[in-house]
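Chemist: Protein chains in written order, with our numbering: chain A, 35 to 166; chain B, 35 to 166; chain C, 35 to 166.
None of these hints come from the bench; they were simulated from the model. Certain hints may be false.
Claimed, not checked - Mimicking BS3-like on lysine-lysine, the simulated pairs with C-alpha atoms at most 30 Å apart in a straight line are:
| hint | chain 1 | residue 1 | chain 2 | residue 2 |
| --- | --- | --- | --- | --- |
| 1 | C | Lys-39 | B | Lys-66 |
| 2 | C | Lys-61 | A | Lys-63 |
| 3 | B | Lys-157 | A | Lys-63 |
| 4 | C | Lys-63 | B | Lys-157 |
| 5 | B | Lys-157 | C | Lys-66 |
| 6 | B | Lys-61 | C | Lys-66 |
| 7 | C | Lys-63 | B | Lys-61 |
| 8 | B | Lys-66 | C | Lys-63 |
| 9 | C | Lys-45 | C | Lys-157 |
| 10 | C | Lys-66 | C | Lys-39 |
| 11 | A | Lys-157 | B | Lys-61 |
| 12 | A | Lys-61 | B | Lys-66 |
| 13 | B | Lys-39 | A | Lys-63 |
| 14 | B | Lys-61 | B | Lys-157 |
| 15 | A | Lys-39 | A | Lys-157 |
| 16 | A | Lys-66 | C | Lys-63 |
| 17 | A | Lys-66 | B | Lys-63 |
| 18 | A | Lys-66 | C | Lys-39 |
| 19 | C | Lys-39 | C | Lys-63 |
| 20 | A | Lys-66 | C | Lys-66 |
| 21 | C | Lys-66 | A | Lys-63 |
| 22 | A | Lys-63 | C | Lys-63 |
| 23 | C | Lys-157 | A | Lys-63 |
| 24 | B | Lys-39 | A | Lys-157 |
| 25 | A | Lys-61 | B | Lys-157 |
| 26 | B | Lys-39 | B | Lys-63 |
| 27 | C | Lys-61 | B | Lys-157 |
| 28 | A | Lys-45 | A | Lys-63 |
| 29 | C | Lys-157 | C | Lys-63 |
| 30 | C | Lys-39 | C | Lys-157 |
| 31 | A | Lys-39 | B | Lys-39 |
| 32 | B | Lys-63 | A | Lys-157 |
| 33 | C | Lys-63 | B | Lys-63 |
What the hints assert, rightly or not - Here are some, though not all, of the chain C residues that point toward chain A, as calculated from beta-carbon distances under 8 Å:
| hint | residue |
| --- | --- |
| 34 | Val-40 |
| 35 | Gln-41 |
| 36 | Pro-74 |
| 37 | Ala-101 |
| 38 | Phe-104 |
| 39 | Ser-115 |
| 40 | Leu-129 |
Glycine included, every Cβ here is placed at the ideal spot set by N, Cα and C.
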Amino acid sequence: MEEIKVQTTSKSELIDLTSLVQDHVNKEKISKGFCVVFVPHTTAGVTINENADPDVPRDILASLEMAVPFNANYRHAEGNSAAHVKASLVGSSQLILIENGRLLLGTWQSIFFCEFDGPRTRKILVSVIANQ
Amino acid sequence: MEEIKVQTTSKSELIDLTSLVQDHVNKEKISKGFCVVFVPHTTAGVTINENADPDVPRDILASLEMAVPFNANYRHAEGNSAAHVKASLVGSSQLILIENGRLLLGTWQSIFFCEFDGPRTRKILVSVIANQ
Amino acid sequence: MEEIKVQTTSKSELIDLTSLVQDHVNKEKISKGFCVVFVPHTTAGVTINENADPDVPRDILASLEMAVPFNANYRHAEGNSAAHVKASLVGSSQLILIENGRLLLGTWQSIFFCEFDGPRTRKILVSVIANQ
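The following block holds chain A by itself, in its conformation from the complex (with noise of 0.2 Å):
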């Protein structure tokens, strides 16, 4: 198990986790299995989607605040019950399968860190278990 701490600098923000992530699965020399990235906090999580296209993470973050607005009528005094419920929403962690050493995501497919509530030093948990 890997922990992998990332500075965001936004309050939202889609940070580009795919290269960390393979880099992990690289020194575990696992050639097949499962690996699973965790995001041990509340006010963000971790999705997968495209990014050859910024706009793609931008519309993802407008799209999130339209359904989940900033400001509504929450009781959580601290003000970020938005960035709860879109935690919820992309959820905590991914699991991605492992063929040959690399991780087999599609050809558009990235491994995102959800920021809802920053900027913030997050921190990100990565492990892989081997299939034979």
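Go by the hints and put chains B and C onto chain A.
Modeler: Positioned in the frame of chain A, the structure of chains B and C alone reads:
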């Protein structure tokens, strides 16, 4: 694999399962590996979020209700379509790493059973896999 | 690991994969363990929900369309931003327990491939891991 029974008492409700899940990990005497929490229902789910302030689960339920209103132009005759949609949004399973026999949750993270069409008697499946 | 091809026929569509996934579990002769269903696309996903009443999948698609409208102020020039967002909301993978060679799904649960930008030829990756 263990089947945990939960009795919900409201239409919409988040119930903290963290200690029940940790109990299962203790019983299985797994030091390092993964824990899977799976909800075998279609109008309930499981999410990971904050339970320190009870307003966070309340805001999550209220936000989901805003994004997926109970009353809309649904076709499903049972009248619980919103509950089905919410189940797909939060998801049917959560995957948590285990190290030194402990669920590797962040400081603020709890595992919540999500009731969207209660009150009902529900079950949750918990299983672990060791990882050397 | 098996790659399953699916031909979708509409813009938005849920396709029941349960029997195809169970077939893979049968072929692998796994008695106890986990099954991972992974979708390597960024405008499609996978969810678990009810298929007894075909109005449930229809209501899920309609609700997602309400929460994430096809036409909004998106920047991504391809015009399919809503599909990317929906993919992140339902997720790219599902994890299902296996006992006695059977997927441990609830009575009403089916595994659905979620097409959000069809019609297209899509693939789904299915993999199992034994757990003694």
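Chemist: All the hints need checking, so say for each whether the structure fits it.
Modeler: Evaluation of the provided hints:
A C-alpha spacing of about 36 Å is found between Lys-39 of chain C and Lys-66 of chain B, which places the hinted pair above 30 Å, so the restraint is violated. Proximity of Lys-61 of chain C to Lys-63 of chain A is assessed by CA-CA distance (about 28 Å); at most 30 Å being required, the pair is judged to hold. For the proposed pair Lys-157 of chain B and Lys-63 of chain A, the alpha carbon gap of about 38 Å is over 30 Å, so the pair is violated. About 27 Å separates the Cα atoms of Lys-63 of chain C and Lys-157 of chain B, which keeps this hinted pair within 30 Å; it holds.
Restraint check for Lys-157 of chain B and Lys-66 of chain C: the C-alpha separation of about 19 Å stays at or below 30 Å, so the hint holds. Between Lys-61 of chain B and Lys-66 of chain C the alpha-carbon distance is near 19 Å, which keeps this suggested pair within the 30 Å criterion. The suggested pairing of Lys-63 of chain C with Lys-61 of chain B holds, with an alpha-carbon distance near 28 Å, which does not exceed 30 Å. Restraint check for Lys-66 of chain B and Lys-63 of chain C: the C-alpha separation of about 26 Å stays at or below 30 Å, so the hint holds.
Restraint check: the Cα-Cα separation between Lys-45 of chain C and Lys-157 of chain C comes to about 16 Å, which is no more than 30 Å; the hinted pair holds. As the CA atoms of Lys-66 of chain C and Lys-39 of chain C are separated by approximately 26 Å, the hinted pair is consistent with the 30 Å bound. For the proposed pair Lys-157 of chain A and Lys-61 of chain B, the alpha carbon gap of about 29 Å is at most 30 Å, so the pair holds. With a C-alpha separation of about 19 Å, the suggested pairing of Lys-61 of chain A with Lys-66 of chain B holds against the 30 Å cut-off.
As the CA atoms of Lys-39 of chain B and Lys-63 of chain A are separated by approximately 40 Å, the hinted pair breaks the 30 Å bound. Taking the CA atoms of Lys-61 of chain B and Lys-157 of chain B, the gap is near 19 Å; set against the 30 Å cutoff, the hint holds. At roughly 4 Å between alpha-carbon atoms, Lys-39 of chain A and Lys-157 of chain A fall within 30 Å of each other, so this suggested pair holds. Only pairs whose Cα atoms come within 30 Å are accepted, and Lys-66 of chain A paired with Lys-63 of chain C is accepted, the gap being roughly 18 Å.
Simply put, Lys-66 of chain A and Lys-63 of chain B have alpha-carbon atoms about 26 Å apart, close enough for the 30 Å limit, and the pair holds. At most 30 Å may separate the alpha-carbon atoms for a hinted pair to count; Lys-66 of chain A and Lys-39 of chain C meet this at roughly 22 Å. With a C-alpha separation of about 22 Å, the suggested pair Lys-39 of chain C and Lys-63 of chain C falls inside the 30 Å cut-off, and the hint holds. With a CA separation close to 19 Å, the supplied pair Lys-66 of chain A and Lys-66 of chain C stays within the 30 Å bound.
Restraint check for Lys-66 of chain C and Lys-63 of chain A: satisfied, since their Cα atoms lie roughly 26 Å apart, inside the 30 Å limit. About 27 Å separates the Cα atoms of Lys-63 of chain A and Lys-63 of chain C, which keeps this hinted pair within 30 Å; it holds. At roughly 27 Å between alpha-carbon atoms, Lys-157 of chain C and Lys-63 of chain A fall within 30 Å of each other, so this suggested pair holds. A C-alpha spacing of about 33 Å is found between Lys-39 of chain B and Lys-157 of chain A, which places the hinted pair above 30 Å, so the restraint is violated.
The suggested pairing of Lys-61 of chain A with Lys-157 of chain B is violated, with an alpha-carbon distance near 39 Å, which exceeds 30 Å. Between Lys-39 of chain B and Lys-63 of chain B the alpha-carbon distance is near 22 Å, which keeps this suggested pair within the 30 Å criterion. Of the supplied pair hints, the one linking Lys-61 of chain C and Lys-157 of chain B holds, its CA atoms being roughly 29 Å apart against a limit of 30 Å. Distance check on the hinted pair: Lys-45 of chain A and Lys-63 of chain A sit about 36 Å apart at the alpha-carbon level, beyond 30 Å; violated.
Proximity of Lys-157 of chain C to Lys-63 of chain C is assessed by CA-CA distance (about 23 Å); at most 30 Å being required, the pair is judged to hold. About 4 Å separates the Cα atoms of Lys-39 of chain C and Lys-157 of chain C, which keeps this hinted pair within 30 Å; it holds. Our distance criterion of 30 Å between C-alpha atoms is broken by Lys-39 of chain A and Lys-39 of chain B, whose separation comes to about 38 Å. Pair hint Lys-63 of chain B plus Lys-157 of chain A holds up; C-alpha atoms about 27 Å apart against a cutoff of 30 Å.
Proximity of Lys-63 of chain C to Lys-63 of chain B is assessed by CA-CA distance (about 27 Å); at most 30 Å being required, the pair is judged to hold. Because the closest C-beta pair between Val-40 of chain C and chain A is about 14 Å apart, greater than 8 Å, the hint is violated. Interface hint status for Gln-41 of chain C: violated, as the beta-carbon distance to the closest one in chain A is roughly 17 Å, over 8 Å. The criterion of a C-beta within 8 Å of any C-beta in chain A is met by Pro-74 of chain C, whose closest approach is roughly 3 Å, and the hint holds.
Residue-level restraint check for Ala-101 of chain C holds (minimum Cβ-Cβ distance to chain A is 5 Å; threshold 8 Å). Taken as an interface hint, Phe-104 of chain C does not check out: its beta carbon lies about 11 Å from the nearest beta carbon of chain A, beyond 8 Å. For Ser-115 of chain C, the suggested interface contact is upheld, since its CB lies about 4 Å from the closest CB of chain A, less than 8 Å. Because the smallest distance between the Cβ of Leu-129 of chain C and any Cβ of chain A comes to about 6 Å, under 8 Å, the interface hint for this residue holds.
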